[in-house]
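Peer 1: Here's the letter readout for the chains.
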Amino acid sequence: MMNSKHIYLDHASVMPLDPRVWKFAQKFLSDIVGNPSSLHSNGLAARSAVEDARLKVAQLINTDKENSVIFTGSCTEANNLAIRGTALRNVSKGKHLLASSIEHISVINPLKDLQKQGFSIGYVPVDKHGVIKLDAVEKMISKDTQLLSVMYANNEIGSIQPIKKISSLVHDYGIYLHVDACAAAGRIPIDVQKDDIDLLSLSSNDLYGPQGAGALYIKPGVKVQPVLFGGGQERGLRSGTENIFAIAGMGEAARIMQKEMKQESHRLEKIRDVLIKEILTLKDSYLTGHPTNRLPHHASFRFSNIEGESILLNMDMYNIQIATGSACSSKTLEPSHVLLAIGLKHEEAHGSMVITLGRSNSLEDVPKITKAVSDTVQRLRDLSPLKSIGGA
Amino acid sequence: MANVGYSKKVMDHFVNPRNVGEIKQPDGYGKVGNPVCGDVMEIFIKVKDDIIEDIKFKTFGCGSAIATSSMVTELAKGKHVDEALKITRQDVADELDGLPSQKMHCSNLAADALKAAIEDYKKKK
Chain W
0 MMNSKHIYLD HASVMPLDPR VWKFAQKFLS DIVGNPSSLH SNGLAARSAV EDARLKVAQL
60 INTDKENSVI FTGSCTEANN LAIRGTALRN VSKGKHLLAS SIEHISVINP LKDLQKQGFS
120 IGYVPVDKHG VIKLDAVEKM ISKDTQLLSV MYANNEIGSI QPIKKISSLV HDYGIYLHVD
180 ACAAAGRIPI DVQKDDIDLL SLSSNDLYGP QGAGALYIKP GVKVQPVLFG GGQERGLRSG
240 TENIFAIAGM GEAARIMQKE MKQESHRLEK IRDVLIKEIL TLKDSYLTGH PTNRLPHHAS
300 FRFSNIEGES ILLNMDMYNI QIATGSACSS KTLEPSHVLL AIGLKHEEAH GSMVITLGRS
360 NSLEDVPKIT KAVSDTVQRL RDLSPLKSIG GA
Chain L
0 MANVGYSKKV MDHFVNPRNV GEIKQPDGYG KVGNPVCGDV MEIFIKVKDD IIEDIKFKTF
60 GCGSAIATSS MVTELAKGKH VDEALKITRQ DVADELDGLP SQKMHCSNLA ADALKAAIED
120 YKKKK
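If you read the protein sequences in the order shown, they are chains W and L.
Numbering-wise, numbering that gives the first Met the number 0 puts 292 at position 293 of the first sequence, and it's gapless, one number per residue.
Numbering-wise, numbering that gives the first Met the number 0 puts 32 at position 33 of the second sequence, and it's gapless, one number per residue.
Please keep in mind that the hints were generated in silico from the structure rather than gathered at the bench.
Do not rely on the hints blindly, as some may be mistaken.
To be verified - Computed list of lysine-lysine pairs in BS3-like fashion (alpha-carbon distance at most 25 angstroms, straight line):
1. K261(W) with K64(W)
2. K276(W) with K370(W)
3. K7(L) with K124(L)
4. K30(L) with K386(W)
5. K45(L) with K386(W)
6. K30(L) with K344(W)
7. K92(W) with K127(W)
8. K370(W) with K57(L)
9. K114(L) with K386(W)
10. K386(W) with K282(W)
11. K78(L) with K386(W)
12. K78(L) with K114(L)
13. K57(L) with K282(W)
14. K261(W) with K22(W)
15. K121(L) with K45(L)
16. K386(W) with K57(L)
17. K344(W) with K47(L)
18. K55(L) with K386(W)
19. K4(W) with K7(L)
As the list claims (entries may be wrong) - Simulated coverage check for chain L against chain W, where a stretch passes if three residues somewhere in it have a Cβ under 8 angstroms from a Cβ of chain W:
20. 33 to 40
21. 49 to 59
We put the CB at the ideal spot given by N, CA and C, even for glycine.
Next comes chain W alone, as it looks inside the complex:
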């Protein structure tokens, strides 16, 4: 079991760089040395690489206004720019901000910081499948509300949000909608025009692009102020010399993801469905997140009476890498807020396992994965003093 092929199932944490992207973008690390702000030929080549990437990213989210895409250093930075930059620029509209209760920490923490600066924050509840409650959104809106932040799909439980309905609702009240699409982009079609999204965050690495780039789409007319100040790059919204390699790579990664999305998502969906079916045959195992309306590469579970970090370590012995929302694997030692928001008790949230599939996975991996999960759950339950209700 120790020498079996390594099966990586933690694509939500970090993804490998697509070799085609590497081939395309490596020249920007060595051959093409230029600052896009310089007017000499090297600078112009760098500028054209950035603009080419901007067009490709714009196409991934279906906007013909490619200038509405601002490159940042990461998805975290895009989320910070979206939340902070919008909230501070539009104070005259009010100081009330809303977010779903299952947002990524890179949305929650800028909100917490704004709270210290006098903003009031409301967290909109989700149902047991992790879908935002639209009636709750409507109830929580006040005359001071200026922004709602909702992720397109959740990285821990895979549930996809009804973005179009949410945007119609908040726009009736003149409120901006920010959508963190880092987990969803390239997996399911995203259309900022059809869904009428005001701000949308993207991540390069979640598209098999290099780390070190992200992007924020800002609908023309939406007012945002910078969070970084300097030379005024990216329409003044993200100062700092552009990371050409990462940006060019992100563009190429976006182009490839878009081209292959339908086929690849369909392939992964099949693997996901078999995995879910097999794993749920284990005693006291449950799917977390939406049973059907979930990301095609995402399968997440919880198991009674065992703990997630132990699951992770035990699965690693089989050369299989998974993730967990367990408290014990987090820096804060708090269980995942997402699992608590869908109504799990602390002791239930401790036993979570998250599988995110990618290009390297195939249907052939499924028996190995399910065997390892079954053995892991059995071993840890044998070690556990906790007994399932109704007898082990």
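Starting from the known structure of chain W, fit chain L onto it as the hints suggest.
Peer 2: Coordinates of chain L only, in the frame set by chain W:
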């Protein structure tokens, strides 16, 4: 430097934990932790002439919770109960070549479980 991952010894005790199980009619039984917090440890001891002859554990928790439980049973086995009472959380961590700093308190309860088992034994005596 802060210890971020687990030592080889921790992983060894996680993969091959020693003295797993329960003792029927133990001379001492200790239980610490809470499923809400993510760690529960049970220790069972069999004692003869104040010497811990046999010791078993069951643990719900993370890698270090399991490894520290296993280690504490190894340290206590064969010891006089008064000697075993002196085993501290720090001793357990040291024997495992250290624990990640955030794990030192939350999942290093094994010494407390041992202490509870010995106190239970002394009460019954």
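Peer 1: Run every hint past the structure and note whether it holds.
Peer 2: Comparing the hints with the structure gives:
no.: 1; hint: K261(W) with K64(W); in the structure: holds (24 angstroms)
no.: 2; hint: K276(W) with K370(W); in the structure: holds (13 angstroms)
no.: 3; hint: K7(L) with K124(L); in the structure: violated (39 angstroms)
no.: 4; hint: K30(L) with K386(W); in the structure: holds (15 angstroms)
no.: 5; hint: K45(L) with K386(W); in the structure: holds (23 angstroms)
no.: 6; hint: K30(L) with K344(W); in the structure: holds (21 angstroms)
no.: 7; hint: K92(W) with K127(W); in the structure: violated (33 angstroms)
no.: 8; hint: K370(W) with K57(L); in the structure: holds (24 angstroms)
no.: 9; hint: K114(L) with K386(W); in the structure: holds (24 angstroms)
no.: 10; hint: K386(W) with K282(W); in the structure: holds (12 angstroms)
no.: 11; hint: K78(L) with K386(W); in the structure: violated (31 angstroms)
no.: 12; hint: K78(L) with K114(L); in the structure: holds (13 angstroms)
no.: 13; hint: K57(L) with K282(W); in the structure: holds (20 angstroms)
no.: 14; hint: K261(W) with K22(W); in the structure: holds (23 angstroms)
no.: 15; hint: K121(L) with K45(L); in the structure: holds (12 angstroms)
no.: 16; hint: K386(W) with K57(L); in the structure: holds (11 angstroms)
no.: 17; hint: K344(W) with K47(L); in the structure: violated (42 angstroms)
no.: 18; hint: K55(L) with K386(W); in the structure: holds (17 angstroms)
no.: 19; hint: K4(W) with K7(L); in the structure: holds (22 angstroms)
no.: 20; hint: 33 to 40; in the structure: holds (count 7)
no.: 21; hint: 49 to 59; in the structure: holds (count 3)
Figure legend: structure checked against the earlier numbered hints; hints not met, in rising order: 3, 7, 11 and 17.
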